[in-house]
Amino acid sequence: MTKINELITIHSGYAQYVNLVQTFTDPTENRGRMEQYMPIKSHREAFTKLTRAFYPLDNRVYLLTGSYGTGKSHLCLMLANYLSLKPEDPEVTAFFNHWGQRDPDGAEKLRNLRGEGRYLVALGEYGVGDDFDSMILRAVQAAIEREELQEAWLDTHYGEAARQIERWEDR
Numbered sequence: 072m073t074k075i076n077e078l079i080t081i082h083s084g085y086a087q088y089v090n091l092v093q094t095f096t097d098p099t100e101n102r103g104r105m106e107q108y109m110p111i112k113s114h115r116e117a118f119t120k121l122t123r124a125f126y127p128l129d130n131r132v133y134l135l136t137g138s139y140g141t142g143k144s145h146l147c148l149m150l151a152n153y154l155s156l157k158p159e160d161p162e163v164t165a166f167f168n169h170w171g172q173r174d175p176d177g178a179e180k181l182r183n184l185r186g187e188g189r190y191l192v193a194l195g196e197y198g199v200g201d202d203f204d205s206m207i208l209r210a211v212q213a214a215i216e217r218e219e220l221q222e223a224w225l226d227t228h229y230g231e232a233a234r235q236i237e238r239w240e241d242r
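Counted the way my numbering counts, the sequence shown spans residues 72 to 242.
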């Protein structure tokens, strides 16, 4: 009689919980999850809908919701990598290859939609007691520092306050 483990393959890239910011900023863990990710049909459909934001005439905002344990964090991790890495990076190549095993046309369409550039991905962390604006600014600042783009820091009241404090400290 056939045993279950002979019929089902469990991919070690899946986990019950993904800390999106921590995993995204840990190159080893992030690479492992990217290379192991096997996009199921519902994830491919959601990912395709989320990438509609690239369409020039699409002025919508997309909200990803779902029950606990349905893979929202995994999906967001894949989207963050899809946007932040170069298309020829090994992790992205593995992602497209896995997608192509299940949907070759969809994988090719995603590759073409992606283009050659990279995007600055800012991942917000909730639960630290800040208001929404502060959380967004902190996420953008962390992304700028992660990508070593400090000269690109936003011209905001917060940025000017930080610069003024630095000037005072230098005296």
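Source of the hints: derived by calculation from the structure; they are not laboratory data.
Check each hint, because a few of them may be wrong.
Stated by the list, open to error - Simulated crosslink set (DSS-like; lysine-lysine; CA at most 25 Å straight-line):
| # | residue 1 | residue 2 |
| --- | --- | --- |
| 1 | K120 | K143 |
| 2 | K180 | K112 |
| 3 | K157 | K120 |
| 4 | K74 | K120 |
| 5 | K157 | K180 |
| 6 | K180 | K143 |
| 7 | K143 | K157 |
| 8 | K180 | K120 |
Claimed, not checked - Restraint-style ranges between C-beta atoms, simulated for each label pair:
| # | residue 1 | residue 2 | range |
| --- | --- | --- | --- |
| 9 | S138 | D202 | 39 to 49 Å |
| 10 | T119 | D201 | 28 to 38 Å |
| 11 | G230 | P175 | 10 to 20 Å |
| 12 | N183 | W239 | 50 to 60 Å |
Keep in mind it's a predicted model, so treat the numbers as computed, not measured.
Virtual Cβ for every residue (Gly too), placed ideally from N, Cα, C.
Legend entry - Ascending list of hint numbers which this structure does not respect: 4, 9, 11
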